[in-house]
Amino acid sequence: MTDFKTSESETADLESFRNETRAWLEANCPPEMRRPATSDADVFWGGRNAKFSSEPQRIWFERMRDKGWTVPDWPREYGGGGLSAAEHKVLRAEMARIGARPPLSSFGIWMLGPALLKYGNEAQKKEHLPKIAAGEIRWCQGYSEPNAGSDLASLQTRAESDGDDFVITGSKIWTSYANYADWIFCLVRTDPAAKKHDGISFILFDMTSKGVTTKPILLISGYSPFCETFFDGVRVPKSHVVGTVNRGWDVAKYLLQHERAMISGMGERGVGRPLGQIAADSVGTDAQGRLDDSMLRGKIASFDVDEAALAACAERAVDLAKAGQAHPAFSSAMKYYGTELNKRRYEILMSAGGVDALEWESERSKQGARPRAWLRTKANSIEGGTTEVMLGIVAKRILDLPGA
Amino acid sequence: MALVLTEEQSMLRDSARGLISDKAPVSHLRHLRDSKDPTGFSKEFWHSFAEMGFAGLLVPEEFGGSGLGYVEAGVVMEEIGRTLMPSPFLATSVVAASALNRGGNAAQKSEYLPKIASGSLLATLAIDEGPKHRPLQTSLQAVRAGNGFKLSGAKALVVDGHVADLLIMAARTAGSAGEREGLTLFLVNPKAKGVVIERTIMVDSHNAARIELTNVEVNADSVLGEIDQGAALLDGVLDIGRGAVAAEMVGLSEEVFNRTVEYLKNRKQFGKLIGEFQALQHRAAELYVDIEITRAATMKALQALDGDVAKAASAVAVAKARAGTTATRAVQEGVQMHGGMGMTDQFDIGFFMKRARVCEELFGDANYHTEQLARARGY
Chain Z
1 MTDFKTSESE
11 TADLESFRNE
21 TRAWLEANCP
31 PEMRRPATSD
41 ADVFWGGRNA
51 KFSSEPQRIW
61 FERMRDKGWT
71 VPDWPREYGG
81 GGLSAAEHKV
91 LRAEMARIGA
101 RPPLSSFGIW
111 MLGPALLKYG
121 NEAQKKEHLP
131 KIAAGEIRWC
141 QGYSEPNAGS
151 DLASLQTRAE
161 SDGDDFVITG
171 SKIWTSYANY
181 ADWIFCLVRT
191 DPAAKKHDGI
201 SFILFDMTSK
211 GVTTKPILLI
221 SGYSPFCETF
231 FDGVRVPKSH
241 VVGTVNRGWD
251 VAKYLLQHER
261 AMISGMGERG
271 VGRPLGQIAA
281 DSVGTDAQGR
291 LDDSMLRGKI
301 ASFDVDEAAL
311 AACAERAVDL
321 AKAGQAHPAF
331 SSAMKYYGTE
341 LNKRRYEILM
351 SAGGVDALEW
361 ESERSKQGAR
371 PRAWLRTKAN
381 SIEGGTTEVM
391 LGIVAKRILD
401 LPGA
Chain P
1 MALVLTEEQS
11 MLRDSARGLI
21 SDKAPVSHLR
31 HLRDSKDPTG
41 FSKEFWHSFA
51 EMGFAGLLVP
61 EEFGGSGLGY
71 VEAGVVMEEI
81 GRTLMPSPFL
91 ATSVVAASAL
101 NRGGNAAQKS
111 EYLPKIASGS
121 LLATLAIDEG
131 PKHRPLQTSL
141 QAVRAGNGFK
151 LSGAKALVVD
161 GHVADLLIMA
171 ARTAGSAGER
181 EGLTLFLVNP
191 KAKGVVIERT
201 IMVDSHNAAR
211 IELTNVEVNA
221 DSVLGEIDQG
231 AALLDGVLDI
241 GRGAVAAEMV
251 GLSEEVFNRT
261 VEYLKNRKQF
271 GKLIGEFQAL
281 QHRAAELYVD
291 IEITRAATMK
301 ALQALDGDVA
311 KAASAVAVAK
321 ARAGTTATRA
331 VQEGVQMHGG
341 MGMTDQFDIG
351 FFMKRARVCE
361 ELFGDANYHT
371 EQLARARGY
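Same order as they appear, the protein sequences are chains Z and P. Residue numbers for the first sequence follow the working numbering, beginning at 1 and rising by one. Residue numbers for the second sequence follow the working numbering, beginning at 1 and rising by one.
You may find that some hints are simply not true.
Said to hold, decoys possible - Using 25 Å as the maximum straight-line C-alpha spacing, the simulated BS3-like pairs for lysine-lysine come out as follows:
1) Z:Lys299 <-> Z:Lys343
2) Z:Lys196 <-> Z:Lys131
3) Z:Lys396 <-> P:Lys354
4) Z:Lys396 <-> Z:Lys195
5) Z:Lys322 <-> Z:Lys67
6) Z:Lys396 <-> P:Lys311
7) Z:Lys89 <-> P:Lys311
8) P:Lys272 <-> P:Lys132
9) Z:Lys238 <-> Z:Lys126
10) P:Lys150 <-> P:Lys109
11) Z:Lys125 <-> Z:Lys253
12) Z:Lys299 <-> P:Lys132
13) Z:Lys51 <-> Z:Lys253
14) Z:Lys210 <-> Z:Lys131
15) Z:Lys396 <-> P:Lys272
Please keep in mind that the hints were generated in silico from the structure rather than gathered at the bench. Bear in mind that the values here come from a model prediction, so they are computed numbers and not experimental data.
Work out the full structure, taking the sequences as your base and the hints as a guide.
Here's what the structure looks like:
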């Protein structure tokens, strides 16, 4: 049965890359950047008006950017690191090993970039990708509309042809950080007569264009991460359409896979200390060091099992994609599970915190960080496609079940 | 290492799947049950299994085996799970072979491992004494007597216990139930004086036995590993068994799921295929995701075991806990979605439910492993 043996030479080739990477990260990642982000200010989003919240944040970002490691697996010609799938995995593992924060967070990296790499023309890639990699332009996503939520393809924002331009009129809702964004990637209807999936185009424009206004929406968390965004005759060159006019739904769906993968990651992203230790602070422990609330302890342990298993599945999803074996709709499966798990995490955190987790306005509570974060998670299973929509996609596209 | 099967591992899977689905579909288990087969598995098939190299899959090449790893063992276990094939593979080729290979001295290895690889020796680990899996509660006594020991006590759920040629017994040479110190593994001849073996017909129609030992004499050469320090060896061997059973449960879950989805696509009620109903679609989708996540966790655990058995405990606990809850869900949904047909003996789904229940108890259930993870994480 010797023919079932795996050669080990490939893995040996990666070892020198691992050693170099480890040494470089040790030398270049400031200690402050090896602690988990605890507030929005700890996250660097880039953009024209970006400010660093600390010197270590700036240093870390610039060093990573200079290596192309804000987007390690993008091609070098577009500002990426040009790493292979295996090298990228090593880099992620080495960053996780020391708890290094992502140097740059951005919808450009997570969503638009992959879509441009697949559907953009050369001019668009050269124009936009390097600026995403360098954190120069901050992007927002114009997808949902007041009457097009789960039924996204029924969107009504119009783009009317006028010479070399489209003239865009309509409104978007739940546009994350639209009030801070420099550019928007936007779904618009370019053919109102076509079937709903067939008349949509995917277009890019500057948020400082004449006719664009944004209005933040106050959420139950007391924060306004989302906006209403209005377009009143915004003029956009036709060259800004990504892919083919009226075939924007293909781009939109592809991008949604990346968005869902990003959101599903929330469920497995450890928030620093393990839940069991956080709970120990408030509920105490018995003589053997076990949480003094056996029901809560059981819930936390079950959560930990599922979180570890999901992390393995996320790792496997990446590996499957790199091996060309992934089902394109699998990100919907991950999105469903990851977001439900994140909601569970915060229900546990609220229960563990008891009265301390209820304070909304005080220094002591960091202005109610925990209850606000808890409320924020409730959107996870709605944004980017609801849990019910995700399950429907899994049922129809992966399981091939019959019906509408 | 990527969490996908390599080309070689995929070939192994295809080869195992072809052989097992051809020669031992679920009807094979049904036949063994209905004919009250005294062996509980097909000896003939076990020999072809051995000829293919599966019996010695984990046995090092120097002892006549294939020298493959736990991921490969999991690949075979998963295929076994798909058809519920009763086979000595788990007890002999995975658990006992690992115990002998990891704990055995040169003489023990060269005596037993080649026989395991050739399929001529059946062996099994006897661990549980009470109704639940509690390895540290081992209280079967091994008292020094002359140059050797005398063993007295009882074991339950000994897989293949009534057909095994070699018993690997966890016993207490010192300390008391609950303590890590004082555990020792012994190699016991089932035909030795004082050994009484009762085959227990279980719900899943797979082999199990109760074994009682009364002053069974073994010599000093029968000690596997170190005296009083057997806990570490046992931990590793049990984790290997847990990883393998988790893989069996993944195969079992996926097979039940595939059969259920097929049924949803064919059964009509109210003038529609029942798979058109959203209530069932969402339940099927949730189960699919559960199985995929458990599959990944199980691969992770098997890879961890291949890396370093001693460091794989948490990954194994996650996998076995997940496998338990996932398989339980899969078989319940399987029966429910098959409706009344799922309750009939004529239909195969019930076999999966029964086997899942036994797999859940084997080497610790989901509660046990969830508890282990909590302890490992210090809360």
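Against the structure, test the hints numbered earlier, and report the numbers of the ones violated in rising order.
2, 3, 6, 8, 13
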